[in-house]
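Produce the entire structure from the sequences given, and follow the hints as far as they go.
Each chain, written out:
4 protein chains.
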Amino acid sequence: MLTEDNRQSLIQAAIQAKEYAYSPYSKFRVGAAFLCTDDTIVNGANVENASWGGTICAERTAVVKAVSEGRKDFIALAVTSDIAVPISPCGICRQVLREFCTLDMPVFLVPVDYPKKDAKDGGILEMTVGGLLPYSFGPEHLELPRQPTGPQ
Amino acid sequence: MLTEDNRQSLIQAAIQAKEYAYSPYSKFRVGAAFLCTDDTIVNGANVENASWGGTICAERTAVVKAVSEGRKDFIALAVTSDIAVPISPCGICRQVLREFCTLDMPVFLVPVDYPKKDAKDGGILEMTVGGLLPYSFGPEHLELPRQPTGPQ
Amino acid sequence: MLTEDNRQSLIQAAIQAKEYAYSPYSKFRVGAAFLCTDDTIVNGANVENASWGGTICAERTAVVKAVSEGRKDFIALAVTSDIAVPISPCGICRQVLREFCTLDMPVFLVPVDYPKKDAKDGGILEMTVGGLLPYSFGPEHLELPRQPTGPQ
Amino acid sequence: MLTEDNRQSLIQAAIQAKEYAYSPYSKFRVGAAFLCTDDTIVNGANVENASWGGTICAERTAVVKAVSEGRKDFIALAVTSDIAVPISPCGICRQVLREFCTLDMPVFLVPVDYPKKDAKDGGILEMTVGGLLPYSFGPEHLELPRQPTGPQ
Ligand SMILES: [Zn+2]
Ligand SMILES: [Zn+2]
Ligand SMILES: [Zn+2]
Ligand SMILES: [Zn+2]
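Protein chains in written order, with full-length UniProt numbering: chain E, 1 to 152; chain D, 1 to 152; chain C, 1 to 152; chain U, 1 to 152.
It is possible that part of the hints are untrue.
[Said to hold, decoys possible] Below are the SDA-like pairs computed for lysine to any residue, each with C-alpha atoms no more than 25 Å apart in a straight line: (1) U:Lys27 / E:Ser26; (2) D:Lys120 / D:Ile83; (3) C:Lys27 / U:Pro145; (4) U:Lys27 / C:Met1; (5) D:Lys72 / U:Pro145; (6) C:Lys27 / U:His141; (7) D:Lys116 / E:Glu143; (8) E:Lys27 / D:Gly138; (9) C:Lys27 / E:His141; (10) E:Lys117 / D:His141; (11) D:Lys27 / E:Ser26; (12) D:Lys116 / E:Ser26; (13) C:Lys117 / C:Ile83; (14) U:Lys27 / D:Lys27; (15) U:Lys72 / D:His141.
[To be verified] Distance windows between CB atoms, simulated: (16) E:Thr102 / C:Lys117: 47 to 55 Å; (17) D:Cys36 / C:Leu2: 40 to 48 Å; (18) D:Glu69 / U:Glu140: 32 to 40 Å; (19) E:Glu143 / U:Met1: 17 to 25 Å; (20) U:Glu140 / C:Lys120: 18 to 26 Å; (21) D:Pro115 / E:Thr3: 48 to 56 Å; (22) D:Gly131 / E:Thr37: 28 to 36 Å; (23) U:Asp121 / D:Pro24: 31 to 39 Å; (24) E:Glu143 / D:Pro24: 51 to 59 Å; (25) U:Leu144 / D:Lys116: 21 to 29 Å.
No wet-lab data here; the hints were simulated from the structure. The C-beta atom is built at its ideal place from N, Cα and C for all residues, glycine as well.
Here it is as structure tokens:
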């Protein structure tokens, strides 16, 4: 359950995850953490690749780590980086979130200097999965009937 | 320029692009087309891969085709599929659009039965790049100063 | 250390990992497991995505899970699926392996009916990371001097 | 047909393609070109993305460009960069080549200073698709019967 205590633990788990980022190319470290329904927290960091396209972000690392351990019951996500503004998930990660999360699931974007003095909620920007990927493409669209018509 | 004529040509180019979709795994054909500032239209189809992760969508096919021919001055995008509802770009494609398009660039999502009788604008759903990827991560974030602090 | 006991544990960990595959689109379950220098085993399963391109294979799931927990000292990999022939990593995964593994690291490809009766090593095909990705592109190539000459 | 003339045109097309590389992050330009059975040449450059994972290499750009124009009858590939050694396709691209090319299709890896004085074939390293991705996973594996057994 997303209590204030769990929310703080979630944020700290995202911050700690960053320590294991493998980002020799971008030098851009990101940490992410999911809260699950049973209060478990699963975190992840970005893992870059010399081929660029093989890079996996922190959010997706956390997702596949959780799913491959039998957890898909996410109820909140926190994401943080080394930047003093809230950094938001890339589109690839948003699509992967879309596969497993409800559209109203909260996503906390945490600046590096959290808690920022005199900032609302310490500088956290709160979004939702649906807010990050409006009018999204999802699993249900693959089930719709096809009408393979060509150019008229 | 996005005249009514160019808009119609763009939609037809997206529909035609679908003919060359390579989608043996999903059987889901998608076509996309960009209008450039000089009225050129560049289109693309989805190209799937046995490894799943190697799949490239229609929108990204059209982007890399255009960019690799020296065009990055996109002013509108049309996307269509074999489905009777407007299908919207996946998150990966939204992120690639974000790299080259202005946030207010129009994106026309075209149903297979376009023009739908009695539907507003023939059933087209009009979005923008920024509307598809709100509070997006982009090139400018990679330029921000880093404060590589660890857990306190 | 790759003792016979550790090798058996590694194979069983790959087989168990398969149980948590999320593969509603391909219905193709894959499990993978890494042995680390301290005898720890980290496993992973494939996690598919409605966008196809967002899919992450079992091998990469295991890599990012390990790396994001501070482990990069892999000494062996086992991969298995629901197929009665040894299934081998896709090119994306081979590139990600290339980032963290030595070229002579053994990769055990395990058929679903392991141990196969009367088959050498129970039907396992043993490869190496370098054997899977010969003359590979790697981190060191990004360090080479550039001579940005154009067409003559 | 892979005549000496076509081979030279192919190499020059790869070199020219590099001019349109979009590589602000890696500063690593790559060009690729395919020869098709009707002697057409289709080329492409790498197109990077702020999200790293959204990056598409030169080889894949050329593939999707060709496929989305109805061409899949590739008979040779040339790849070049700004580096004085032959740079070879990443694993992602090798997997995408695997989808459309025969295993014995030649791949010419061209150094930036081609033709190198006193070097065999001007410094070109010639590989094959099958040689780049030995014991590969391909479309036919998705057709094999599954035996979804679990841990014993
Ligand atoms: Zn991401
Ligand atoms: Zn897409
Ligand atoms: Zn793979
Ligand atoms: Zn590549």
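Now the hints, each set against the structure:
no.	hint	verdict
1	U:Lys27 / E:Ser26	holds (12 Å)
2	D:Lys120 / D:Ile83	holds (18 Å)
3	C:Lys27 / U:Pro145	holds (11 Å)
4	U:Lys27 / C:Met1	violated (40 Å)
5	D:Lys72 / U:Pro145	violated (46 Å)
6	C:Lys27 / U:His141	holds (12 Å)
7	D:Lys116 / E:Glu143	holds (21 Å)
8	E:Lys27 / D:Gly138	holds (16 Å)
9	C:Lys27 / E:His141	holds (18 Å)
10	E:Lys117 / D:His141	holds (22 Å)
11	D:Lys27 / E:Ser26	violated (37 Å)
12	D:Lys116 / E:Ser26	violated (47 Å)
13	C:Lys117 / C:Ile83	holds (16 Å)
14	U:Lys27 / D:Lys27	violated (37 Å)
15	U:Lys72 / D:His141	violated (38 Å)
16	E:Thr102 / C:Lys117: 47 to 55 Å	holds (48 Å)
17	D:Cys36 / C:Leu2: 40 to 48 Å	violated (56 Å)
18	D:Glu69 / U:Glu140: 32 to 40 Å	holds (34 Å)
19	E:Glu143 / U:Met1: 17 to 25 Å	violated (46 Å)
20	U:Glu140 / C:Lys120: 18 to 26 Å	holds (23 Å)
21	D:Pro115 / E:Thr3: 48 to 56 Å	holds (52 Å)
22	D:Gly131 / E:Thr37: 28 to 36 Å	holds (32 Å)
23	U:Asp121 / D:Pro24: 31 to 39 Å	holds (37 Å)
24	E:Glu143 / D:Pro24: 51 to 59 Å	violated (18 Å)
25	U:Leu144 / D:Lys116: 21 to 29 Å	violated (42 Å)
The structure is inconsistent with the numbered hints 4, 5, 11, 12, 14, 15, 17, 19, 24 and 25, although it conforms to all the rest.
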